[in-house]
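Using the sequences and the accompanying hints, generate a full structural model.
Same order as they appear, the protein sequences are chains A and B. For the first sequence, numbering that gives the first Met the number 0 assigns the number 0 to the initial residue and increments by one for each residue that follows. For the second sequence, numbering that gives the first Met the number 0 assigns the number 0 to the initial residue and increments by one for each residue that follows.
Hints are computed from structural coordinates only; laboratory data are not their basis. Keep in mind that this is a model prediction, so the values were computed, not measured. Check each hint, because a few of them may be wrong.
What the hints assert, rightly or not - Straight-line distance between alpha carbons at most 16 Å, and here's what the computed EDC-like set of lysine to aspartate or glutamate pairs gives: (1) B:K185 - B:D156; (2) B:K65 - B:E322; (3) B:K198 - A:E272; (4) B:K257 - B:D275; (5) B:K333 - B:E351; (6) B:K196 - A:D181.
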Amino acid sequence: MDIFIQQMVNGLTIGSLYALVALGYTMVYGVMRLINFAHGDLVAMSAFVGLTVYTQIFGENITSLVAVITVFVFTAAIVALVGVLLERLAYRPLRTAPRLSAVVSALGAGLVIQNSVMLIWGPNMKIFPSNIFPSTIWSFGGVVITFTQVMILGLSSILMVGLYFFINRTKIGTAIRAVAIDQDAAKLMGINVNRIIMIIFVIGSALGAVAGLFIGVYYRGVTFDMGWMYGLNAFVAAIMGGIGNIPGAMLGGLMLGLFNAMITGYISSQWAETFTFVLLIVILVFRPTGILGEKVAEKV
Amino acid sequence: MNMLPKFAASLAVCSALVSASVAADVIKIGVQAPITGEYANEGQSINNGVKLIVDQYNAKGGVLGKKIEVITCDDQGTAQQAAICAKKLVNEGVKAVIGSYTSGATEAAQTAYFRAGVLQTSDGTSDSLTKHKYWTFFRNSFPNSAEADYIAEYFVDAKKYKKIVVLSDYSSYSTDLAAATMKALKAKNANVIYEGKIKAGTQNFTATLTKIKSMEPDVIFFGGYYTDGGLLRAQQEQLGIKADFVGGDSNDNPDFMKLAGSSAKGAYLVNVPTPDILPYDIAKQFLADYQAKFNMMPSSVWALMNVDGLRAILHTMEQLKTEDTKAISDSMHKMKDFPGITGPVTFREDGERIGAGYMTYEVQADNKYKIVYPTK
Chain A
0 MDIFIQQMVN
10 GLTIGSLYAL
20 VALGYTMVYG
30 VMRLINFAHG
40 DLVAMSAFVG
50 LTVYTQIFGE
60 NITSLVAVIT
70 VFVFTAAIVA
80 LVGVLLERLA
90 YRPLRTAPRL
100 SAVVSALGAG
110 LVIQNSVMLI
120 WGPNMKIFPS
130 NIFPSTIWSF
140 GGVVITFTQV
150 MILGLSSILM
160 VGLYFFINRT
170 KIGTAIRAVA
180 IDQDAAKLMG
190 INVNRIIMII
200 FVIGSALGAV
210 AGLFIGVYYR
220 GVTFDMGWMY
230 GLNAFVAAIM
240 GGIGNIPGAM
250 LGGLMLGLFN
260 AMITGYISSQ
270 WAETFTFVLL
280 IVILVFRPTG
290 ILGEKVAEKV
Chain B
0 MNMLPKFAAS
10 LAVCSALVSA
20 SVAADVIKIG
30 VQAPITGEYA
40 NEGQSINNGV
50 KLIVDQYNAK
60 GGVLGKKIEV
70 ITCDDQGTAQ
80 QAAICAKKLV
90 NEGVKAVIGS
100 YTSGATEAAQ
110 TAYFRAGVLQ
120 TSDGTSDSLT
130 KHKYWTFFRN
140 SFPNSAEADY
150 IAEYFVDAKK
160 YKKIVVLSDY
170 SSYSTDLAAA
180 TMKALKAKNA
190 NVIYEGKIKA
200 GTQNFTATLT
210 KIKSMEPDVI
220 FFGGYYTDGG
230 LLRAQQEQLG
240 IKADFVGGDS
250 NDNPDFMKLA
260 GSSAKGAYLV
270 NVPTPDILPY
280 DIAKQFLADY
290 QAKFNMMPSS
300 VWALMNVDGL
310 RAILHTMEQL
320 KTEDTKAISD
330 SMHKMKDFPG
340 ITGPVTFRED
350 GERIGAGYMT
360 YEVQADNKYK
370 IVYPTK
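Here it is as structure tokens:
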């Protein structure tokens with residue numbers, strides 16, 4: 000039983016990272032019907048930005064709550080800015096072009112970001128200092144959970160719940176949902192569509208930045224090309240939950256993490272990826288629009 | 000239709016003329032190594048080591064009265080890039096290639112060098128590297144089977160481990176080392192309770208480790224690379240698995256310690272003698288020169304192994320006074336106890352280096368190594 004709960008903790012930790020990244024995919028898709036393939040590379044970039052911010056401002060050996068918060072806020076702001084620039088330069092000129100052009104542009108933008116990271120920070124693996132978070136470990140019976148895991152689970156749940164209420168309870172959230180349903184009608188209602196899309200990219204990129212930083216803090220070693228792996232998994236999570244659907248992305252991410260951990264734990268790591276994609280196919284056969292369906296809001 | 004053979008023939012003459020005119024000035028030596036990517040610090044050390052030796056030769060007037068030129072190709076540690084590098088270096092007309100670091104990348108390029116008659120010397124440890132018996136190939140390190148025998152002896156005879164876990168990744172080197180270790184352990188009737196694989200570069204190994212935790216092993220042996228080994232060690236500690244951690248030779252890298260962080264202390268690494276404890280004068284001289292030129296130490300002993308391969312080739316070239324690779328190879332196969340940086344170099348008929356001596360190191364709190372076996 001301990002082992003089962005431990006596997007759940009393992010799975011939920013990585014799953015909430017997938018969920019944070021998946022939100023970026025799903026929000027952009029919901030509003031623009033575009034798969035933002037550059038998103039995974041933004042996540043990888045944020046790990047490097049975060050590391051630079053940390054070492055430049057605080058040096059290697061400082062650990063304080065202020066330092067951690069500053070790094071997260073700074074990194075999220077920088078990456079959000081890059082996300083907005085990405086939309087301006089790579090997607091906005093193509094908004095009326097055929098959808099395939101925008102997808103190709105997204106793939107290209109991803110390569111540009113990935114290679115820029117390689118040129119700026121170098122091709123070698125960079126390693127986060129081990130003392131950003133305290134190395135406290137709690138043990139309940141045979142189940143152990145680290146401070147970093149608690150932070151990952153806690154902060155990502157707060158962010159996801161916050162986002163859910165932001166989308167469903169605020170004026171800007173309502174505008175986002177309106178743009179998702181019909182851009183032209185939203186425009187006629189006096190909604191500034193460009194501004195809404197900008198907000199989407201700010202939120203999506205900032206969430207990705209948080210995920211990227213957690214990857215750095217939790218796993219320590221970061222490489223310029225790691226965005227592909229996290230991007231692909233998060234993309235699968237977004238589709239599993241129903242792309243364009245915000246609770247769907249959260250559910251998809253957590254499910255994917257759990258499923259992977261359970262397959263690895265009870266069958267074998269060799270089969271984890273195979274089973275993951277079999278699961279995806281099965282879900283799509285029975286529910287072609289994902290578990291929770293595709294739309295951000297119901298058309299009434 | 001019969002234009003084609005003529006054209007091809009004239010082309011061949013042209014290229015022969017071109018290469019002959021080039022060959023008159025310099026002797027080209029290729030380096031195929033992971034200059035970028037996960038194993039970049041190893042690849043760069045190999046490249047630096049080769050450049051250092053070549054500079055020293057050139058300062059004395061080169062070999063056979065010709066300057067040596069180094070051409071480096073980055074294989075990123077992958078088989079695909081390795082095949083491209085092989086083509087490129089062969090086209091450049093190199094006489095010998097130093098590298099690569101990983102067995103997979105070495106294996107992917109091996110046949111191309113053999114067909115072109117280009118000498119190759121690599122630190123790749125997969126036993127499969129010498130199975131073709133290519134006359135062009137010389138392993139400058141020792142094969143996995145030698146390490147596996149040592150590990151079996153250490154685990155069973157010295158440490159008397161009762162429950163052993165063997166982990167590896169899917170790379171050519173790691174699969175080979177795990178298989179050899181399994182065979183050696185079975186021969187000693189050791190109790191291996193779990194043999195599993197992780198996917199290199201996936202970072203999250205907690206699921207596999209949690210499964211292992213329930214089996215309560217005495218030791219976890221990981222026969223993969225340091226980029227995964229460091230994380231495995233950190234996550235083992237995090238999950239509170241009490242077992243000893245023993246990393247195979249490719250975990251011997253400063254990044255292992257950085258990735259494992261505070262968990263590095265107490266981990267065991269198995270490798271041939273590390274650079275700083277090599278007792279030979281040429282080793283001390285080489286390391287001092289390396290430090291002076293690059294202002295750092297080589298990442299690990301692998302760069303030194305490759306340098307020994309290069310030194311053996313250049314030495315033979317000078318002795319025979321020939322650039323004929325076949326003649327050099329024949330002579331190298333008979334080479335006995337050539338004074339190498341990493342110890343005496345002796346090659347077997349199939350290009351295997353013989354005379355391995357392994358050690359187990361325990362990582363100390365300051366990330367220094369302490370030799371724990373063999374105890375002398």
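Now for the hints, and whether the structure bears them out:
The suggested pairing of K185 (chain B) with D156 (chain B) holds, with an alpha-carbon distance near 13 Å, which does not exceed 16 Å. Restraint check for K65 (chain B) and E322 (chain B): the C-alpha separation of about 11 Å stays at or below 16 Å, so the hint holds. For the hint pairing K198 (chain B) with E272 (chain A), the CA-to-CA distance comes to about 10 Å; that is within 16 Å, so the pair holds. Distance restraint check for K257 (chain B) and D275 (chain B): the Cα-Cα separation of roughly 19 Å exceeds the 16 Å cut-off, and the hinted pair is therefore not satisfied.
Distance restraint check for K333 (chain B) and E351 (chain B): the Cα-Cα separation of roughly 12 Å lies within the 16 Å cut-off, and the hinted pair is therefore satisfied. With a CA separation close to 49 Å, the supplied pair K196 (chain B) and D181 (chain A) exceeds the 16 Å bound.
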